[in-house]
Amino acid sequence: MSANPQAKTLVEKIWESHVIAELSDGRTLLHVDRHFLHDGTSRQAFDGMRRMRRPVRNRDLTFAVVDHIVSTLPGRTGESHPPGRERIHALRDNCREFDLELYDVDSPHQGIAHVVAPERGITLPGCTLACGDSHTATNGGLGALAWGIGTTEVMHVMAAQALLQRKPQQMRISFSGSIGPGVFAKDLILYFIARHGVAAGSGCAVEYAGAAIRSAPIEARMTICNMSIELGARFGIVAPDEVTFDYVAGRPFAPTGMQWERAVDAWRKLGTDLDARFDREFEIDCAGIAPQVTWGNSPQEAVGIDDALPNPADIPEPGRRQAVERAYTYMDLEPGRKLEGVPIDFAFIGSCTNARLSDLEAAARVLRGRKVKDGVTALAVPGSMAVKSAAEAAGLDKVFIEAGFEWRNAGCSMCVGSNGDLVPPGKRSISTTNRNFEHRQGPHSRTHLASPASVAAAAVSGCITDVRRLLDRR
Amino acid sequence: MEKFTVVTGIAAPMMMPNINTDAISPMAAGRSTATDLGVMLFANWRYRLDGSEIGDFVLNREPFRRSKTIVAGENFGCGSSRERAVWALMRFGIRCVIAPSFADIFRENAFQNGLLPVVVGTQECASLAAALECAQEPLVTVDLERCVVQGPEGWTSSFVVPTERRTALLEGLDEIDVILRMAKDIDAFQRRDREQRPWIYLER
Ligand code: SF4
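Taken in sequence, the protein lines are chains A and B.
Per our numbering, residue 60 is the first one in the first sequence, and the count goes up by one each step.
Per our numbering, residue 192 is the first one in the second sequence, and the count goes up by one each step.
FYI, nobody ran anything at the bench for these hints, they're computed from the structure.
Model, not experiment: these values are computed from the prediction.
Below are the BS3-like pairs computed for lysine-lysine, each with C-alpha atoms no more than 25 Å apart in a straight line:
id: 1; chain 1: A; residue 1: K226; chain 2: B; residue 2: K375
id: 2; chain 1: A; residue 1: K226; chain 2: A; residue 2: K328
id: 3; chain 1: A; residue 1: K432; chain 2: A; residue 2: K486
id: 4; chain 1: A; residue 1: K397; chain 2: A; residue 2: K432
id: 5; chain 1: A; residue 1: K72; chain 2: A; residue 2: K226
id: 6; chain 1: A; residue 1: K72; chain 2: B; residue 2: K375
Pulled out of the complex, with its shape left as it was, chain B reads as follows (with noise of 0.2 Å):
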């Protein structure tokens, strides 16, 4: 997985609620052609049916065609359990996506992968998007050492992330090999719950 500690880059107001895996990732799109998951980002916000570019979009936008984190609305990546969302955005080169909430899948496979999902408060990310629209220089800072955001005319925020995913994107480490060396404790479960409900192991 990819490390996240500190990243400083653009980052792009989109203050809809509710902004679904479908819309980050579109299953059918206008340039379905395409197969570069970042070109395909947002791509039925992005491109009309010709595939020509919808130029107030905020990401074909510049400087927010650089971004590197997203300001959104509430329930970020509801829908679909797509990881492809997830990998769409960092393709683009989005590592951080700030938000009130976010839908549980997308938050779990964001941080399957190294994008890291920050929670801060309504009205703050409100204020942040706001004073994202009007900066000259629409930065943000996240610090995921201290748990800081960063953002123009000194807007900043404290965040919470449970130890072990801060741990797993600090160092990069994947859950697979976590969970891979309790391969004893699944051999013992397994063992036991045979006798318990052998009903569940078919033996094909």
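Same shape as in the complex, but just chain A (with noise of 0.2 Å):
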């Protein structure tokens, strides 16, 4: 317990500078700084404005996409995925007649909600940000309170820039120890998923701490908020600081001049006060930790590259027994095996999770001077039209097509398949998305989730394969 009842968490102090009203029954009415309109939930939420005839109450705080159903193939239109045209026709006319800021197919900033949102400036430390969408928490990696909400939800953010909310309970996880080559943000999360499951936050606000994140870059940082949600939790945050400051500085929405200093002072104050109090707590070491890969349809199921799949027999409780003994069926492995050696038919790199320049950035060191194996389908999708830039400035486009990877435009793509980008009935994909549920990317389709590096390394190889075997040789 806490010797001093003043003191507060990250999620704590955010939460309290947003309340608007107590009310009797316990919730909160909480303010939203930001809110996040993209193609795939929005649409109901203007037909409910239209019957209550209201207008967006904030428009200068409202930002929309393109992302869930737009193509990803080159010279991509607003038409080039028929079954997705309505729905961003109705965007379109949704934020025309409601006057909002709209990052439609063919413009520079579109792209996956949650790598837009961060570097257009839109998500900043400290700031309340809800969007449409389960992946929200990646805005987390700012340091600000972000969250995925329902469509009836996302209706009463256009009215009312408000939710009623109860207040999360407060989990802490420590990373601490340092990562070994081969290593990155999404096997730490991965890691932390496996050990204590898709429930493990169920309720909560986690706060990532330890010195592994203060030592991480921020689109690492976002990596690790993004997965928040498969561990169960709504919201997933890092403390801001320099790195973030850094980050911010300069971009499109943040602050200048005066104001920028004023911000900087009152972000400063926000990181967890040494003795505040904590429900849940776990410290995880990173040294001993080695590239994860899933194996089966939950992202729980996933294992270290030098490890056995699991035996269902040694799982006690029915239920659970059963739905390992089923992933094993779908996903076509036995227990016992390792993943090594397994062969793939689809690599992705991509969506909301690992797409934005870094991740692209330690796939090509893997990829420079390689091929990928015959038979292998892969794909590369950044995250946003300006990661794409971006990593055409460097010359990774280049490394990518020479190794024969396609090279999309920004989308979510392969993550969900709702733009028509899916894998084929039987067809085994490792993917860097965030999801392995049954027929995620496709009826029927097959998924192994892992880090950017480790996707590289088995589109190369055609199977699965340790990424640390292929860094040595260099």
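Put the two chains together into one complex, using the hints given.
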């Protein structure tokens, strides 16, 4: 227990500065500083606004983007993926009618919402941000309190710039120790989820802390926050520090001049107090973590690349045991074997988890001078058009293309397949995304989650492999 | 929002843990031409790639084709925030899901739409599911007024729902009306906040 009842966590501090009103039933009306809309979940919310005959309350705090359903093919337009056409048109019409800023298919700022918001400086430390998408916690990498909502709540934010919420419980995961070669942010978070399960953070806001987080660049912090929902938490956050301020400074919507000085002063005070109390605490030593790859249909079904797959007979609880047996059937794998050597058909580098510049660089380091194995389809889909341009300026597009990857335009793409980028039935994919659910990348597709470097290593090997071996030979 | 008072109907046992929203309402499914959300509910589990039904999936079996309740394993509704998952369940006719626990966003979406998430213990859920599997009439009554569930063979359990949610469901109230009644508070907050954090307000 805390000796000092005044001591607060980072999340509590941001929460309290956004309280509009406390209700007698224990709920809080919380101000939402930033609202991001996308093509996947906003339509019925606009319909609701029309029914209520209301304008969007704070147009200046509201942004929209096409990401889920947009084609990623070269030369794409809003018409390129016919099943998505209607929804893209609907978003355009809605943004015009309600006078909102839209990053459309042809905008240089288009991309996945959670990639675009930070890189435009729309996400700021200490702000609250909501979006109709469960991976909104990605923005927590900048020290923002950001969370995913459903479509009804999207309408609430449009109409009121506020949400009725119950305060989440406080959870902290501290990552300490040094990270080995070939091991990335993705491996750390998969390792945690594999150990503690997909419900470890239910009802919680998770603060990621510890030396390994403090020394991690912003993009790695975003990767870790991104997968908070895969451990059951709606919120994931890292306290803002000098690394954060350096990242935010100079971005289009970031404050400038005197306002910048004031803002940074305020942001410096946000860190969790020394003796603040957490409801749940975990410590992870990074030293022993190997590259992680999932084998089953839940993000918790991940193993180190050196480890044998678990035996369902060891699971006492029948519901869990059946789920694991079902995953073995779906994935066409046997207990006891290692993942190394399992042949793959698709390699996908993309998504809000792992499609920022540093992710593409990590993959390119493995790909340079190598070729994608015959029979493997490999896609690189930058998280935003800005990431794409930056990658091209650094010559990374050539590395991908020479290796045999398709170099695409920005969007969610094969993460969820709603733009037609699908893994066909029965085919096996290794993917930098965040969900390995049954049928996620296409009906009867088989997905293995891994870091961008591990996916690149598998693409050139034609099978799941230990990326560290490919790094050693350099 | 649709009211919820007392619902009696067939209940389908689906005792897997972590049933996710991609499974409940797939983005890409074999029957992707169907647009009715109820038809697309659990599409990849209900239909083969050619669109034919998979006979032994519970919701394709009689009498479970007419289910109003689902009894599921822990962490029901995990994964994406898509509210479509709730709409698809309701469109099919489901008004209540009974499980040991729910994912946060799914529970929120359920309450916003008048689908009742009922939490009962793991053991109790398992025994209810087992009773439903062998019952002549796999009926469950969910009574929100008394906060009691009754199943076959005398199975019964009470549950807890936050007061405001219970009131909203019983009376069919939309949360947006509660929020909009606080418009003055929102104005006052923003006026104060503009002084303290001017960088938040972009004035486009
Ligand atoms: S990239 Fe995938 S996880 Fe991220 S927002 Fe798009 S569909 Fe969702």
